[in-house]
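Participant: Letter by letter, the chains look like this.
There are 2 protein chains.
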Amino acid sequence: MFEAKLPNASLLKKIVDAIKDLVNDAPFDCTENSMSLQAMDASHVALVALKLDNGLFDMYRCDRTINIGSSVANLIRALKCANNDDSCMIRYNDDEGDTVLFTFVDEKRDRSQDVTVKLIDIDSEQLGIPDQKYSAVIEMPSSKFQKTCRDLAMFSDSIVINASKGGVTFKSHGDTGGSTLVYNSSSSADDDDSGKIFFNVKEDVNVTFSIKYLNHFAKAASLSNRVRLSICNDVPIAVEYNIEDNGYLRFYLAPKIDDDQNID
Amino acid sequence: MFEAKLPNASLLKKIVDAIKDLVNDAPFDCTENSMSLQAMDASHVALVALKLDNGLFDMYRCDRTINIGSSVANLIRALKCANNDDSCMIRYNDDEGDTVLFTFVDEKRDRSQDVTVKLIDIDSEQLGIPDQKYSAVIEMPSSKFQKTCRDLAMFSDSIVINASKGGVTFKSHGDTGGSTLVYNSSSSADDDDSGKIFFNVKEDVNVTFSIKYLNHFAKAASLSNRVRLSICNDVPIAVEYNIEDNGYLRFYLAPKIDDDQNID
DNA sequence: AACTCCGAAT
DNA sequence: ATTCGGAGTT
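Top line first, the protein sequences correspond to chains F and A. So the first sequence is numbered by my numbering: it starts at 179 and just counts up by one. So the second sequence is numbered by my numbering: it starts at 179 and just counts up by one.
Don't read these hints as lab results, they were simulated from the structure. None of the values given here were measured: they were computed from a predicted structure. Any given hint could turn out to be false.
For identical chains, the list gives no copy identity; a pair is met inside one copy or between any two copies.
To be verified - DSBU-like mimics (lysine-lysine), calculated; alpha carbons at most 30 angstroms apart, straight line:
{"no.": "1", "residue 1": "Lys322", "residue 2": "Lys258"}
{"no.": "2", "residue 1": "Lys258", "residue 2": "Lys434"}
{"no.": "3", "residue 1": "Lys258", "residue 2": "Lys380"}
{"no.": "4", "residue 1": "Lys286", "residue 2": "Lys374"}
{"no.": "5", "residue 1": "Lys311", "residue 2": "Lys434"}
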């Protein structure tokens, strides 16, 4: 028996929205402390890791470790029924082992909608993600990261991220033109930190990624105002969105090993 | 000679928009008191009934009963020419018996557009619609009805409407999942009634309809904030949109006679 | 995932 | 009135 209630269905909607272009199946692992999910994208290039601590829920009860796997398409269909500020109860009953029940209740409590989603068996490949020490960590507004990826995608399908003590640059160059975006060390103490970029560079990094995937990741911007990029030469980038300080949505993407990554 | 002037062409646009997916021909019957229209949809499953009392018009003159029939496609083409708040004069002259003339004039009176639409003979099957006593009448925001139909259409092509003293439910269930939506008797006196659902249930009703058609009906939401559903076991549902208290657009749909309609 | 429509805000 | 954003649809 698993039972948990989110104050707002919108959280789940945003999460599913953010991963739907990457993953077809959503294998949720429920433990007494959290719901989590790990999945590789269809082409096994990117990894999605979600964690929702029980602190995010109004109510959370999980007797034993349970796996709730559904197709993302069905999940979307179910969540479409919810208004953003409906509360969202999630129930899984061992008796009816092949379905999960969502109950959406609107604020005024005069509408209640039960939606049943068929479950499927997903061989969830729980990948051990090593605790990586990164050479550079960049924290910036998620909207800026989204715009950066969107803009640079116009020039090529690769983005080169370069971090050094002096600053961080994002580059993309193709036949028709190119662009280099430089973020300088944010000008110290200001009244308003939102909008600022912060970075902590231990060692210089120069690494290339597929913009397409970063663009997919950037869709999670609605989950958090800030995003953290953790990078290291020849190591997958980690793109992390904090979820109300009680969880996260992380994406990992291996670097491209090719040509223009060695340009200074 | 028929001559009538609507203050806003938008009304006619909305009406035609709401019925264009159901009917191909629009046989308007004009009498000294009102313009009306009755038509079955192409597959003879649904019935559309429109009534526009002369109170809706700035000017209304109809010497004798006249039939103005045009193809909906042509009507749409004509109405596309109008801006929403153009006034709309409709003229039919016995001399030019094969056309109807629309004249759109904008608010500032600095543009006037005549559009002629060719008429066609439609064997208008004026169906006597019996005055039905319904077991249950549900009145709700038209936007909610629209969302309900849209959401439930994702699970199957049938919707089961159930009304009892305790509440009203809309259900749809299919292979990948299903949904049950419960509206409770709206929690009494509140400051704001918009958004509320009201129902009056004399006898319990449990009846099944094709969601596809209800979805078509629901497009009329722009005509009125509220919609009234009148239902009775084994009797067509009536879906009614009031038009500025001087007319209505009603849709009728026979229930599906199949399987899951007998579930309590 | 891209396009289009509708509604809301400036 | 125009522009922007969000939502729904193909």
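Participant: The structure should be examined with respect to each hint, and the outcome stated for every one.
Facilitator: Hints, one by one, checked against the model:
Taking identical chains as interchangeable, the C-alpha atoms of Lys322 and Lys258 lie at most 30 angstroms apart whether they share a chain (28 angstroms) or sit on different chains (14 angstroms). With identical chains, the CA atoms of Lys258 and Lys434 are at most 30 angstroms apart between copies only, with a shortest distance of 26 angstroms across copies and 36 angstroms within one. With identical chains, the CA atoms of Lys258 and Lys380 are never at most 30 angstroms apart, being 44 angstroms at best within one copy and 33 angstroms at best between copies. Proximity of Lys286 and Lys374 under a CA criterion of 30 angstroms is satisfied inter-copy only: 10 angstroms between copies versus 39 angstroms inside one chain copy.
When the C-alpha separation of Lys311 and Lys434 is checked against a cutoff of 30 angstroms, the pair qualifies only within one copy, where the shortest distance is 20 angstroms, while the shortest distance between copies is 63 angstroms.
Hint violations for this structure: number 3 only, all remaining hints satisfied.
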